[in-house]
Amino acid sequence: MNFSEVFKLSSLLCKFSPDGKYLASCVQYRLVIRDVNTLQILQLYTCLDQIQHIEWSADSLFILCAMYKRGLVQVWSLEQPEWHCRIDEGSAGLVASCWSPDGRHILNTTEFHLRITVWSLCTKSVSYIKYPKACQQGIAFTRDGRYMALAERRDCKDHVSIFVCSDWQLLRHFDTETQDLAGIEWAPNGCVLAVWDTCLEYKVLLYSLDGRLLSAYCAYEWSLGVKSVAWSPSSQFLAVGSYDGKVRILNHVTWKMITEFGHPATVNNPKTVVYKEAEKNPQLALGRLAFPAPRAAASPASNTESKFSLQTLKPIADRANPKIGVGALAFSPDNYFLATRSDSVPNAVWIWDIQKLRLFVVLEQLSPVRSFQWDPQQPRLAICTGGSKVYLWSPAGCLSVQVPGEGDFQVLSLCWHFSGDSMALLSKDHFCLCFLETEERVGTAFGRPGDHT
Amino acid sequence: MGEWMTVTDPDLSSESKNICQYTSETKMSPSSLYSQQVLCSSIPLSKNVHSFFSAFCTEENIEQSISYLDQELTTFGFPSLYEESKGKDTKRELNIVAVLNCMNELLVLQRKNLLAQENVETQNLKLGSDMDHLQNCYAKLKEQLETSRREMIGLQERDRQLQCKNRNLHQLLKNEKDEVQKLQNIIASRATQYNHDMKRKEREYNKLKERLHQLVMNKKDKKIAMEVLNYVGRADGKRGSWRTGKTEASFFLRNEDEMYKILLNDYEYRQKQILMENAELKKVLQQMKKEMISLLSPQKQKPRERADDSTGTVLSDAEEDAGELSRESLWDLSCETVREQLTNSIRKQWRILKSHVEKLDNQVSKVHLEGFNDEDVISRQDHEQETEKLELEIQQCKEMIKTQQQLLQQLATACDDDTTSLLRDCYLLEEKERLKEEWSLFKEQKKNFEKERRSFTDAAIRLGLERKAFEEERASWLKQQFLNMTTFDHQNSENMKLFSAFSGSSDRDSLTVHSRPRQKKPHGVSNGSPVCTSKLTKSLPASPSTSDFCQTRSCASEHSSINVLNITPEEPKPNPVGREGTNQKWSMASRPGSQEGCYSGCSSTYRNSHVEKDDLP
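Note that the protein sequences, when read in sequence, are chains A and B. Reading the first sequence from the start, the letters are residues 1 to 453 in my numbering. Reading the second sequence from the start, the letters are residues 1 to 617 in my numbering.
Hints are computed from structural coordinates only; laboratory data are not their basis. Warning: the hint list may mix true and false statements.
[Unchecked claim] Computed cross-link-like contacts, DSSO-like style, restricted to lysine-lysine with a CA-CA straight-line distance of at most 30 Å:
(1) B/K207 - A/K69
(2) B/K182 - A/K256
(3) A/K130 - B/K290
(4) A/K256 - B/K282
(5) B/K398 - A/K256
(6) B/K209 - A/K69
(7) B/K177 - B/K165
(8) B/K272 - A/K356
(9) B/K199 - B/K182
(10) B/K389 - B/K366
(11) B/K446 - A/K356
(12) B/K432 - B/K402
[Stated by the list, open to error] Listed below are several chain B residues computed to face chain A (Cβ distance under 10 Å; list not exhaustive):
(13) E146
(14) L208
(15) L212
(16) V216
(17) G233
(18) Y267
(19) I274
(20) L275
(21) L478
(22) F482
For every residue, glycine included, the Cβ atom is placed at its ideal position computed from N, Cα and C.
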C-alpha cells in the first residue's frame, strides 16, 4: 500500500472523475484538476468565491462548482480550458446544484425550494420545475440516466413527478400516500422507485416507473421510523434501516420482508467474527497494524464465552435527531455483503452475509465510524473514523493502515477510485491518495484466510 | 370398723340378694365382681383383726353365728350347713362335711376373685396409661388445631390485605387507563390540531412562497442569467429540438412507449429468471422423485405383501404417474397441470417414504426389544466387538505414530541442530542410512585394500630382496658356470671360494641361510597370480600415496573378489578383517530400526569422512 504526498484541500471537496482519469479538488476558490496516475496538475481554475460544492458531469468533460453563498454556479470544461460558463441565480438564491445525467443540463434548486431551474449548456432554453419538496433526498435519477424522479409538495400533499431527462417532459405525476415524504430512490434497474416517509412514521412505498403503487411496507407504528434506505446493486433487495436499530430486507418479488437484522450490543453467535481494534505502541505508527490479538479473542475457536459486548452510546432522549437507529447502510458491489452502522453503537460496523442472511463480521473501532465505502470492484470495505488510520476489510481479513506523513492526518472521509486500485483520503484541509496493490501483490498487504484462521 | 360392718351387713345381704336375683349366672360382670370382691375382701381382711372375728363368734353365740352363716351361705347358693331336718321341731345338726365343702368352695372362690382382681388391676393400669396417652394426643392435637387456626387467621388476613391491594391496584389501573385514554384523546386532539395548524402554516408558507416567487421571478431579475462562452453539443450528438404544441403529444407518446418498453423488458427479464428458477426446481423435484422411486422399488414387495397396507397401490399409482410424466415432456406442459401432477406424485412418494422410514424405525425398535435376535441385523455384541477392535487398532496406530515421531525427533536433535536441515534429513533418512551403509562398506574395503597393499609392498620388498639374492645367486651361479667352464676339476673348491669372493666381507653362512628360504618363496608368489604381480609391479614404483588410492580402489572394486581370493592363501590376516567388516555391515543393516546402530554408523562415517576428505572429489 502506497500513499501519495499530501495536498491541500478545503471543505472536503475532492472527487474522481467518472471515467477515472482525473481528480478534482478545491482549495478555497481554486479548482485543481490532477491526473490520477501522475498527480500532476492538469488544469487550475479560479472561481469567484469559495467553492462549496463540486460535481463532475457524467462524461467527465465538465465540472461544476457551486458557490451557494453567492447563488453562483461556474462550469469548467476539461477539453477547452478557456471555455467557461457562469450561472447566476440572482436574488432567488441557491441551495443545491447538480448535473443531469446527460452532462449538458444543470439543475439548480433555489432558496426556500421555490423552484428548480434546469439550465442547458446546449441551448439557451431554461426550464423551471415548481414545487420541489425540501427533503432529505428529493431528486433521484435512474442509473441509466433516462428518468428523474422528483418529490413535490402541493396542497399539503406529497407528490412524485417522473421526468424524461432527455427533454424534461413530465412523464408521470402521482401523489404518494405519505405524511411527509422524506426521500426517494430508484432501484438500480430503474423500474422501481422506493419512497419513504418521514422519521415520525415507518412507511416505505414502492412505485413502478409508470406510477403504480407496487407495495407499501410498514414494520411498526407509533415509533420513529425509517432512517436509511439502500438498494442492492442487483435491485433484488431493499434494505431499510430504522430507528429501532434494525435493518429489514425486502425482496423484489413480493416486496415483503425476508429478514430483519438487529444490532444488539452483544454479539452472541460464536460463528460471527469480531474484529476489535486494539491500541498499540505508537512507535509502531508506520506500517500496517493488523489486530490479531482481539481476533484471537473473538475467533470462533477460542471464544468460549461466545459473547462479545460492544461499546454503546446512551442516546439523549430529549433532543431532536437522537443517536439511535441504523444511520448508514451499503451493499457491496457484488451483492454479497451489507455493511451497516447503528448510531447507538457508533464504533462498530456490522457486515452481513446476504447469501446466508446472517451476521458475518463485526468491526469495532476505537473511535466512532465516520464513513465507510465499498470498493466498486470487489467486496472490500474502507472505513474511516476521523483518526489517522484507514481501515480495510475484506472477507479474507481486516487491516488498518496508518496514513504516513508528518503531523496528524485525520481521515474524515474517503472515496474510492472506480477501478478499486486507489482511494482518496480526505482530512479537514488536506487529502492524499492511497494506492492499493494490484491483485498479485495483495497477498502481502491483506491477511489471506490462512493468516488468521 | 366393727360398727360399719354391723351396719353394712344387712345392707350387703339385701344388695347381694338383689344381685343374685338377676346375676346368678353371670358372675363375671364387673359390678358383681366388684361386689363380690368387696364381700370377699371382708372375709380375709387381715389377720390382725382376729379379735373382730373372735368377736363375731363367741362361745355364747355359736348357734347364732352358725345359723347366720348358714343363712348367708344359702342365700349365696351354697348348700345348707345343717343336715336335712327330719323333723320340724328337732334341732338341726351342723353338717361338718357341708361346712368343709363350703369353706373349700369359698376358698376357691376367694382365689378366683384374687386372680380376677389382679387382672382387673393390670387392666386398670393399662387403661390408665392408655388414657394418659390419649390425653397427650389430645393435647397435642389441640395445640395443632390452635396453630393452624392461627395460621388460617393469618392467611385470611393476608388474603384480605391482598384483596385490598388488588382492589387498590384495580382502581389505579382504572385510573391509569382513564389517564391513558385522556392522554390519547389529548394526543389525538393535539395531533389533529397540529395537522390542522401544519396545513394552515403550509398553506401560508405556500402562499408566501408563491408571493416570493412572483416577486423574485417576475421582477425580471437581470442577475438571473447564464453566461456561456459558446453552447456545447449534446452528449449524444443530437441537436436540441424545440418543443412545439404539435410535437408535444407525439413526444409524450414516444416517452410513454419507451417507458413501457423499459418496464416490459424488466418484467420479461424477471419472468425469464423466474422461469429458469422454476425449471431448476422442477428438475430437482423430478430427480428427487426418480430417486425416491428407485429407492422405494426394492421395497415394493414388502408393502404389497401386507394386505391391509394401501401403500402398494399408491406406489403402483405413483409409478404409473411417473411413467406418464416421463413420457411427456414435462416442461412443455402448462404450469398448472404439471404442478398438480408433480406435486401429487411427490406427495405420494413422500408418504410412502415416510411410512417406510417409520416402518424401519419400528423394526429397529422391535429389534431393540427383541435383543438383536434378528439374523440379518448385526448383533450389538458383534458391533461392539468390532468397534473395540477398531479402537484398539487405532490406539496401536497412534502409539506407533507417536513412537516414530519421538524417534524422528531424537534422531533429528542428535544429528543436526538446524531445524530446517533436520526436516530435510528426516525426509532423506532412509537414503542417508543407505549411503552410510555404503560408506562403511567402502571404508572396510578401503581398509582391506590398504592392508592388502601393505602386505603387497612387504611382499614386493621381500621380492626385491629375493630378486637381489637371486641375482646374486645367478651371478654366482654364472661365475661358477664360467669357472666350471674354465676349471671343471676344481668345481667344488672354487665354488666355495667364489662365494666368499662375491659376498665380500659379509659372513657367508648367514647369507646362504637367508637365501635358501627365499628361493622357495618366489615360486609361491609367481604361482599365486599373474594379475597380482602385474598390478604390484604397477603400483610398486609409486609409494602407497593417497592420490593413487582412488585408482587402486577402483581397481580393487573391480577385482575385489579376485584379490581376496588371491590373498587368502598368502595373507591370512586381512581376510578375516574384511569378513568381519561385512558382517558388521550386515548386522547394521539388519536392524535399521534401532537408533543406536544408526547413530554409531553415522558417527563412524562422519569420522571417516573427516579422515578422507581429501580423497573425495
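For each hint, the structure was consulted:
Of the supplied pair hints, the one linking B/K207 and A/K69 holds, its CA atoms being roughly 25 Å apart against a limit of 30 Å. At most 30 Å may separate the alpha-carbon atoms for a hinted pair to count; B/K182 and A/K256 exceed this at roughly 36 Å. For the hint linking A/K130 to B/K290, the alpha-carbon distance of about 65 Å lies beyond 30 Å, and the restraint is violated. For the hint pairing A/K256 with B/K282, the CA-to-CA distance comes to about 24 Å; that is within 30 Å, so the pair holds.
Among the hinted pairs, B/K398 with A/K256 is inconsistent with the structure: their alpha-carbon atoms are about 56 Å apart, more than 30 Å. Between the alpha carbons of B/K209 and A/K69 the distance comes to roughly 20 Å, so the proposed pair stays at or under 30 Å and holds. Among the hinted pairs, B/K177 with B/K165 is consistent with the structure: their alpha-carbon atoms are about 18 Å apart, no more than 30 Å. Restraint check for B/K272 and A/K356: satisfied, since their Cα atoms lie roughly 24 Å apart, inside the 30 Å limit.
This hinted pair checks out: B/K199 and B/K182 have alpha carbons roughly 25 Å apart, not beyond 30 Å. With a C-alpha separation of about 27 Å, the suggested pairing of B/K389 with B/K366 holds against the 30 Å cut-off. Restraint check: the Cα-Cα separation between B/K446 and A/K356 comes to about 74 Å, which exceeds 30 Å; the hinted pair is violated. Distance hint between B/K432 and B/K402 is fulfilled; the C-alpha atoms sit about 22 Å from each other, no more than 30 Å.
This hint is violated: B/E146 has a C-beta 56 Å from the nearest C-beta of chain A, more than the 10 Å allowed. With a cut of 10 Å, the hint placing B/L208 at the interface with chain A holds, because the nearest CB-to-CB distance is about 9 Å. A distance limit of 10 Å between C-beta atoms decides the matter here; for B/L212 the minimum to chain A is near 6 Å, and the interface restraint holds. Proximity of B/V216 to chain A holds as hinted, the smallest CB-CB distance being about 5 Å (cut-off 10 Å).
Because the smallest distance between the Cβ of B/G233 and any Cβ of chain A comes to about 7 Å, under 10 Å, the interface hint for this residue holds. For B/Y267, the shortest C-beta to C-beta distance to chain A is roughly 8 Å, which falls under 10 Å, so the interface hint holds. Below 10 Å, beta-carbon pairs count as interface contacts, and B/I274 has one with chain A at about 8 Å; its hint therefore holds. Given hint, B/L275 at the interface with chain A, is violated; its Cβ is 13 Å from that chain's nearest Cβ, farther than 10 Å.
The criterion of a C-beta within 10 Å of any C-beta in chain A is not met by B/L478, whose closest approach is roughly 95 Å, and the hint is violated. For B/F482, the interface hint is violated, the least distance from its beta-carbon to any beta-carbon of chain A being 101 Å, above 10 Å.
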